[in-house]
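S.K.: Residue numbers (numbering that gives the first Met the number 0), protein chains in the order written: chain A, 0 to 304; chain B, 0 to 281.
No lab work stands behind these hints, which were simulated from the structure alone. It is possible that part of the hints are untrue.
[Unchecked claim] Pulled a few chain A residues facing chain B out of the computed Cβ check, cut under 8 Å: (1) Ala194; (2) Leu198; (3) Pro201; (4) Arg204; (5) Ser213; (6) Tyr262; (7) Asp263.
[Unchecked claim] Chain B regions said to be covered by chain A (calculated; three or more residues, Cβ under 8 Å): (8) 71-80; (9) 99-108; (10) 131-138; (11) 177-189.
Built from N, CA and C at the ideal position, the CB exists for glycine as well.
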Amino acid sequence: MEQARSRALDAGVSPRERARFAVRRTVNLVMAGLVGLAALIGVAVMLFILGYVLVQGWQALSPTFFSQSAQPLDFDAKGQPIAGSGGGVLMSILGSLLILGLAALISIPLGLLAGMYLSEYGHGKFAFLVRYVADVMTGIPSIVTGVFVWSLVVITTGHFSAWAGALALSIIMVPIITRTVEEILRLVPNALREASYALGVPQWRTIVKVVLPSAASGVITGIVLAVARAGGETAPLLLTVLGNEAINWNPSQPTDALPLRIYDYATQPYAVRIEQAWGASFILIMVILVFSLLTRIATKGKKVG
Amino acid sequence: MDNTQIKEAPQDASAEGYNTPVATGGKSMEIRNLKAYYGSYLAISDVNMEIQPNKVTALIGPSGCGKSTLIRCLNRMHEVTPGAPRVEGEVLLDGQNIYAPSADPVKVRRLIGMVFQKPNPFPTMSISENVLAGIKLNSGRLNHAQAAEIVEQSLHRAALWDEVKDKLGKSGASLSGGQQQRLCIARTIAVNPEVILMDEPCSALDPIATLKIEELIEELKAQYTIIIVTHNMQQASRASDFTAFMLAQDGPGHLVEFGPTQQIFTRPTQKRTEDYITGRFG
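Produce the complete structure using the sequences and hints provided.
M.R.: Laid out in structure tokens, this is it:
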């Protein structure tokens, strides 16, 4: 047997088979190269954006950029704005945190519970409907969400507010969290649920104490993705929070946000403001990057299954 | 005889205080006219059996004959299986019907524990947390000494203590397959059941680990009634006192023959039983 096999592997191979093997080896090499190249391009684009934003906004990133709110630009004798003037974006950073915080407060419990429902209880027509609506909602253009909340909240209350912005972002976040949580909980092996039931543990305790902890890292990743997605939204904020040159902690008042400030400064004719827009972009990217990195570290080792 | 409700477990999780597992002795079970469905599909039909306390009863039969479905009907696990499951008939534990309308499936499962085919320790929990899982997940309060006592007792009974006593804080998933299965047995013992169901507990294990589980079953029957599904006939003949042979030829799974293991394996009354145990089919 052993001899027969070694003969087949070496000597008795026809030139045609040898050629076929050579072709297969080449194809394998080429395909592996292409796949690697595609991965490289993906990463390179991300690094290029980060680098480009940093280069463009470098000069705006001074300590006062983080510690001051917006100030009027100072102009020199020729009527040109002086570099370094114009204050900072502290009100945008804090405003973004306020709006995102409120949005998270609304959408995390709602999305988590809806996701748990779909994965653990959702078998009937109602669940199908919920799933379908969630999928459609993920596809709604965010400007439409903005218009909707504007007419529903801003018009009725008579003013722009952080609440309205948080509501608009929640409409974007809830379906994302719902569907991610559902998918992640479905990955938890049924054997674990059965083990828990067989010990006389009721279903809701099984979900909260066995299923959810087993899927913790995936659930948190899903939530972070939703927060990151909402954190970069501009369109719904334009119509709901309006923007504010000063720091505002009152959720019923117009509030500033980073994406809004970027949009505003980037459309101004002054180089100093455009530089500040790049700087604010860099901060926005870094906040989201650091946030997801921290959760990645915090949930390390807690894998599904 | 009062068949309408299930008696409280001696150490019910909702009751105050936990003691070390003091087995109250196994209880008898009786299966009456049991039918199990998946939707409209009848999987097993008209099973009648009396299961003796403190004995090992083996369910044997070819794949698909319904033995796993049957054992899952015995602690109401059938109804958490996907596929619109349904049960008709009665299953009595010590004279009380576990399918009575007032019987709480959660309580039933505390009295009738189950060990599965594939070892399934909780991956996020340590070895000792796994043993205490049944109590802790039901938010039973334990002080340090009680917890340590239950862990040690249960692991001793599951013949695992000597192998894990120095690494109780390690993940249950770090153990070998056979050790994981004994950990699952320890976890079941820790909630003080009266009956332990085992659904092919050795099918994922090597012969040495299998032998250990079989020895363990022999020891455990002094305190618990044990029902084991196996498709290993040697295992049934070695480890059980009673054997039930099931078959699903031309219709739903049903009981062909049930009796003392020795009799089933030496002079079965049914031709089909003889054919199966002599390896003519299956």
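S.K.: All hints, please: hold or fail.
M.R.: Checked hints:
{"no.": "1", "hint": "Ala194", "verdict": "5 Å, holds"}
{"no.": "2", "hint": "Leu198", "verdict": "4 Å, holds"}
{"no.": "3", "hint": "Pro201", "verdict": "5 Å, holds"}
{"no.": "4", "hint": "Arg204", "verdict": "6 Å, holds"}
{"no.": "5", "hint": "Ser213", "verdict": "6 Å, holds"}
{"no.": "6", "hint": "Tyr262", "verdict": "44 Å, violated"}
{"no.": "7", "hint": "Asp263", "verdict": "47 Å, violated"}
{"no.": "8", "hint": "71-80", "verdict": "holds (count 3)"}
{"no.": "9", "hint": "99-108", "verdict": "holds (count 4)"}
{"no.": "10", "hint": "131-138", "verdict": "holds (count 5)"}
{"no.": "11", "hint": "177-189", "verdict": "holds (count 3)"}
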